[in-house]
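So you can see what is in the structure, the chains are spelled out below.
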Amino acid sequence: MISIFPSLFSGAVITLQLLVSSMFFGLIIGLIFAILRINKNPIIHKFAYGYSYFFRGTPLLVQLYLIYYGLANIEFLRNSFFWVIIKEPYWCAIIAFSLNTGAYTSEILRSAFQTIKKGYIEAAQSLGVTKKITFYRIQLPIAIKQSLPAYGNEIILMLKGTSLASVITIMDLMGEARKVNVLTFKPFEAFITAGIIYLFITFIIHNIIKYLEKKYGFQT
Amino acid sequence: MELLSFGDTGWGDELFFATLMTIAVSIAAMAIGFMFALIFTPLKLSKNKTLNVIGNCYTTIIRGVPELLVIYLLFFGGTGAAMYVASIFGYDGYIEINAFITGALAIGIISGAYSTEVFRGAILSIDKGQFEASKVLGIKKYIQFYKIILPQMLRLSIPNLSNVWQITLKDTSLISVTGLVEIMRQSYIAAGSTRDPLFFYSVAAVLYLMLTFLSMKLINKLETKYSKGY
Numbered sequence: 001m002i003s004i005f006p007s008l009f010s011g012a013v014i015t016l017q018l019l020v021s022s023m024f025f026g027l028i029i030g031l032i033f034a035i036l037r038i039n040k041n042p043i044i045h046k047f048a049y050g051y052s053y054f055f056r057g058t059p060l061l062v063q064l065y066l067i068y069y070g071l072a073n074i075e076f077l078r079n080s081f082f083w084v085i086i087k088e089p090y091w092c093a094i095i096a097f098s099l100n101t102g103a104y105t106s107e108i109l110r111s112a113f114q115t116i117k118k119g120y121i122e123a124a125q126s127l128g129v130t131k132k133i134t135f136y137r138i139q140l141p142i143a144i145k146q147s148l149p150a151y152g153n154e155i156i157l158m159l160k161g162t163s164l165a166s167v168i169t170i171m172d173l174m175g176e177a178r179k180v181n182v183l184t185f186k187p188f189e190a191f192i193t194a195g196i197i198y199l200f201i202t203f204i205i206h207n208i209i210k211y212l213e214k215k216y217g218f219q220t
Numbered sequence: 001m002e003l004l005s006f007g008d009t010g011w012g013d014e015l016f017f018a019t020l021m022t023i024a025v026s027i028a029a030m031a032i033g034f035m036f037a038l039i040f041t042p043l044k045l046s047k048n049k050t051l052n053v054i055g056n057c058y059t060t061i062i063r064g065v066p067e068l069l070v071i072y073l074l075f076f077g078g079t080g081a082a083m084y085v086a087s088i089f090g091y092d093g094y095i096e097i098n099a100f101i102t103g104a105l106a107i108g109i110i111s112g113a114y115s116t117e118v119f120r121g122a123i124l125s126i127d128k129g130q131f132e133a134s135k136v137l138g139i140k141k142y143i144q145f146y147k148i149i150l151p152q153m154l155r156l157s158i159p160n161l162s163n164v165w166q167i168t169l170k171d172t173s174l175i176s177v178t179g180l181v182e183i184m185r186q187s188y189i190a191a192g193s194t195r196d197p198l199f200f201y202s203v204a205a206v207l208y209l210m211l212t213f214l215s216m217k218l219i220n221k222l223e224t225k226y227s228k229g230y
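If you read the protein sequences in the order shown, they are chains Z and B.
Just so we're aligned, residue 1 is where the first sequence starts under my numbering, counting upward by one.
Just so we're aligned, residue 1 is where the second sequence starts under my numbering, counting upward by one.
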């Protein structure tokens, strides 16, 4: 029983790495697409909507397979410099997770942008604040603060999502649990221990978000 | 397009039946989830501390661990558990539990946790007067629940249940790891034998998009139908 802990912990480290890097890239993608979504140009708007519709409407597993198996099928990509990246399952997983969480994040931020009270923007306008500064100093901070609870949920969903990395041969927490199961034929020990570690990580994320909400939360 | 033709040469019919399988698993999982939700919602709302803790444990644990973990636990653990139970009764052979049943059960347990939260929210948002009025009229507790609370609760929870349905539909793709031939597994097989993963996973993505799109339309219709008069 105790002998399975070191391997599970090394898996948990990989899981956290995947989570942190995909949340980082996902936040950038989400922010860009949220800004595109509130753009008035119909083509840009439709493009951003299509992106979020595709990534929210299909299972993460399909996206992961499309990127890991599918992209390798394109001759042009295989001969280009991108091959260095997409031949590694680790990077494929990060790309898929980032794009997926980016879609959800853009949706969260968009709804936060739209629920900002008009009065704030009007007040800024009447004070002669330029549009750019209104956006960076007023709209963006309020939107980020407002979307904290929803974003916390998204982080937890993504933590669960990273377990899919195990199906493309990455030895994350789930992958290590599977290995332990195969080696020892003890499914309950392996998976329940992994489950407890996942729950522990979820618990920590939940509390960090709760703390941030208390400190920076914004009520309109 | 040739690859998608029906019959022996193409994968059209296989993918079609795989889509039906995905729909079947999703509906079965949703139904199982409802049953779990109907058991655990009263527990979460109950005033008894112990029952409350049980209800909260269910939703917290299931929503806190990866879906894949629940599936693996049931798939690998379920076989062992079934064989252990059978060995008590003197049967020592290998038992393999049907992938459909384990899959639907696993996804059902997960969607049940989400449905529980939805139902709980819906019951909490029902006007207190409804409970009080039925109490005043001397209606028994379980008749009150079935005839007064349940119908209102279902109506209130349609919008959120549509989210749960979407999650359930997408989660069924994970059952493919246990070998049940649904959209994801069929695309995997097709991609393997034709060496064209890009095409077949794109087809799978389109199929899932179609399913989510159509079910959204259907649920929106239901919602307008049942919110008539409100």
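Simulated from the structure, these hints should not be mistaken for lab results.
Heads up, a few of these hints could be off.
[As the list claims (entries may be wrong)] Below, computed lysine-lysine pairings styled on DSSO-like, alpha-carbon distance capped at 27 Å: (1) B:Lys140 / B:Lys217; (2) B:Lys217 / B:Lys141; (3) B:Lys44 / Z:Lys210; (4) Z:Lys118 / Z:Lys214; (5) B:Lys147 / B:Lys44; (6) Z:Lys210 / B:Lys49; (7) Z:Lys210 / Z:Lys186; (8) B:Lys217 / B:Lys128; (9) Z:Lys145 / Z:Lys214; (10) Z:Lys118 / Z:Lys186; (11) B:Lys147 / B:Lys135; (12) B:Lys135 / Z:Lys46; (13) B:Lys49 / Z:Lys46; (14) B:Lys135 / B:Lys47; (15) B:Lys140 / B:Lys44; (16) Z:Lys145 / Z:Lys131; (17) B:Lys140 / Z:Lys210; (18) B:Lys228 / Z:Lys214.
Hint check results:
1. B:Lys140 / B:Lys217: violated, 38 Å
2. B:Lys217 / B:Lys141: violated, 36 Å
3. B:Lys44 / Z:Lys210: holds, 22 Å
4. Z:Lys118 / Z:Lys214: holds, 25 Å
5. B:Lys147 / B:Lys44: Holds - the C-alpha atoms of B:Lys44 and B:Lys147 are around 20 Å apart, at most 27 Å.
6. Z:Lys210 / B:Lys49: holds, 24 Å
7. Z:Lys210 / Z:Lys186: Given pair Z:Lys210, Z:Lys186 is violated - Cα atoms ~36 Å apart, limit 27 Å.
8. B:Lys217 / B:Lys128: violated, 32 Å
9. Z:Lys145 / Z:Lys214: holds, 11 Å
10. Z:Lys118 / Z:Lys186: Violated: Z:Lys118 and Z:Lys186 sit about 58 Å apart, past 27 Å.
11. B:Lys147 / B:Lys135: holds, 13 Å
12. B:Lys135 / Z:Lys46: violated, 52 Å
13. B:Lys49 / Z:Lys46: The hint is violated at about 50 Å.
14. B:Lys135 / B:Lys47: The hint holds at about 17 Å.
15. B:Lys140 / B:Lys44: Since the Cα atoms of B:Lys140 and B:Lys44 sit roughly 21 Å apart, the hinted pair holds (cutoff 27 Å).
16. Z:Lys145 / Z:Lys131: Holds, at roughly 20 Å.
17. B:Lys140 / Z:Lys210: violated, 41 Å
18. B:Lys228 / Z:Lys214: violated, 40 Å
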